[in-house]
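In order, the protein sequences belong to chains A and B.
The opening position of the first sequence corresponds to residue 1 in the working numbering, with each subsequent residue numbered one higher.
The opening position of the second sequence corresponds to residue 1 in the working numbering, with each subsequent residue numbered one higher.
Worth double-checking, as some hints may not be accurate.
To be verified - Pairs of lysine-lysine residues, derived as PhoX-like cross-links and limited to a Cα-Cα distance of at most 25 Å, are as follows:
(1) A:K71 / B:K71
(2) B:K71 / A:K135
(3) A:K71 / B:K68
No wet-lab data here; the hints were simulated from the structure.
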Amino acid sequence: MLSPMDPVMLFVLVLIAVGGGIVGALFGLGGGIIFVPVLTILFGLDVTAASAASLIGVVATSSGSAAVYLKKGLPSIRVGMFLEISTCIGAAVGAFMAAYLADWLLCLIFAGVMIYNGYIMAFSPTGRSAPQGGKDSGRFTWTDTNGTTGEHTVDHLHSGAAMCTGAGALSAMTGVGGGTIKVPIMNIYMHIPIKTAAATSNYMIGLTAFTGAIVYFIRGQVLPEYAAAVAVGAFIGATIGTVINQHVNARAQKRYFSVIAFLVAALMLLRAGGIL
Amino acid sequence: MTAGPPENRRAAVALQYASYAGVAVMAVGLVLIAAGVGETVALIGIGLLIIGPVLGLAAVLVTLIQEKDWKWAGTAAVLAAVLAVTMLLSYFF
Chain A
1 MLSPMDPVML FVLVLIAVGG GIVGALFGLG GGIIFVPVLT ILFGLDVTAA
51 SAASLIGVVA TSSGSAAVYL KKGLPSIRVG MFLEISTCIG AAVGAFMAAY
101 LADWLLCLIF AGVMIYNGYI MAFSPTGRSA PQGGKDSGRF TWTDTNGTTG
151 EHTVDHLHSG AAMCTGAGAL SAMTGVGGGT IKVPIMNIYM HIPIKTAAAT
201 SNYMIGLTAF TGAIVYFIRG QVLPEYAAAV AVGAFIGATI GTVINQHVNA
251 RAQKRYFSVI AFLVAALMLL RAGGIL
Chain B
1 MTAGPPENRR AAVALQYASY AGVAVMAVGL VLIAAGVGET VALIGIGLLI
51 IGPVLGLAAV LVTLIQEKDW KWAGTAAVLA AVLAVTMLLS YFF
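The following block holds chain B by itself, in its conformation from the complex (with noise of 0.2 Å):
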């Protein structure tokens, strides 16, 4: 069942995609380090894992832009635009 506002559906999938593929890649990863080796797979699930809520953003701003809901699009954008600034310095300092 999905109640609320169309935005909650699409950001509900971008997450459930990104954290089952990445669960499933970090499941497969730890057989394979208790095996002696699969970090490399941990790593790329890992990866797949912490992009979800970037995806789930997306997804929401795709939808509020759709809707021609300019107010909460540009909060969705500004929101990104944050995010990436964040990145930025914290990667630089």
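Next up, chain A with everything else stripped away, as it sits in the complex (with noise of 0.2 Å):
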């Protein structure tokens, strides 16, 4: 077990913490996925004191990259504070189930979502389908990545957010951001595009991860040394990550995500079998 109280064991997190957030900033993602699995296998942290770690951290990836790409509209707060209503609403729900579920069962639910979100990502045909219109959609504004700010047609508004109250149900019950599971909802069913949908996300995960963050801290159950490290590495990373999305190919991102989908579903698996 490493001791992060030693100096280079501090700067070797912040450096893990740094992959996370470019990850995170990249596709969407708090970075929760990474942060956790490095925290309880690395470090041996328990559960609870590495979610504490992770959700600071998460908090860092979301805020540093979601400042930069609010200022170039990419996001659609509006869309982003609709669905993080329900999402919250889910989460709350999903804290008070994970009382009641198997740890075993928990990481095969996670697993098998992560599976579903990779293979529509992989083999979803030409990426999203044009917006349709109609009762359950509206109309919102957000930047293109050509620049051009106009507004856009979203679909299935309400029915999206029912399912990002399972999201945020599945985010709070496996400890995670959310993110690999809202990402695929607003660009597959809702049809907005990738780059905004990730965007969108990383606004919404701020949110969700000050909600569990805040718990944590007010009961003293954040390390600040692991927390501390983790944050900073994250933040850095999460705008080192904001950079590098701008020259990003859209339909590579998607592979990619979908690659970090089956990655995070393996080791779910091998978590719910009891080998990790």
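Two chains, two frames, a set of hints: combine them into the complex.
Below, the structure is given as structure tokens:
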């Protein structure tokens, strides 16, 4: 087991968190899928302490990249706020349910969701289909990757929000930000472009993570040396990731996202089987 | 360059100031922890950082109220209320 009290190990943890922050910013994730395994397997923290430190890192990832994306007009705050209401309600319900479900079952549920997401992202035809409009759609403003700001149609607003309730519940049960669930919902089901979906997800994750992080913080369950190292690294990584994101092809981004989803599914299946 | 709706800019500024302040204080805390002290400084930095998303939401709410966009101001207020209730429930249960 590594101890971050050693200045060298503190630096190693910061470097790992930089990697987590880059991945988080690129794919609209919080980085929790990297922070939690690193803190539990490499540094020997229990899941509660790792989750507390991870959530602080997730807030840092989200804040670092969301601030940049917001200035560029990429995310839709209004879509994010609308979906976040049901996500937070789902997260509260999920946290309550988690106390009654076995750890292996939670891992199995999460792995199933990751495999589904990875499959959809890897094999969906040519990305999102065109918005259809209709009763459950709305018009929202954001800036395209070509720099054009305009109104766009978003489909399946209420059913998408209902799905996010499930995403919130699953993320609370499994201890990650939930970006791997929310981005496909927004991209494939609500017909929001992948970069806008990832940027909106980043904005949302900060609010979701705050809810969990503040509880750990108030209860004194945050280990400051681990949390600060993860957060500082994650913030630096997220800043780098947002710069890289401007130069990555959207289709390639979806393919990489699917690889991450399959890897996470494999890790969670190993954990469900008691191997990790 | 700032693009998109006006609430984006204010939310970005709130997030940026809170995260810069939090990360700077945490970095100082990490250096002090490496020297054997500084846990309190790191905790102050963590507190500054995690309050950022809520400050961002508050900035959005104020902007929407100033624009008299009552529909979306209401959405922001409902979200703030959900966050507050969730925090309270988490705290007591």
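Please work out if K71 of chain A and K71 of chain B have their alpha carbons no farther apart than 25 Å.
holds (23 Å)
Run the distance test for K71 of chain B versus K135 of chain A: straight-line Cα separation, threshold 25 Å.
holds (17 Å)
Hint consistency between K71 of chain A and K68 of chain B [alpha-carbon to alpha-carbon, up to 25 Å]:
holds (22 Å)
Of the hints listed earlier, there is not a single one the structure fails to meet.
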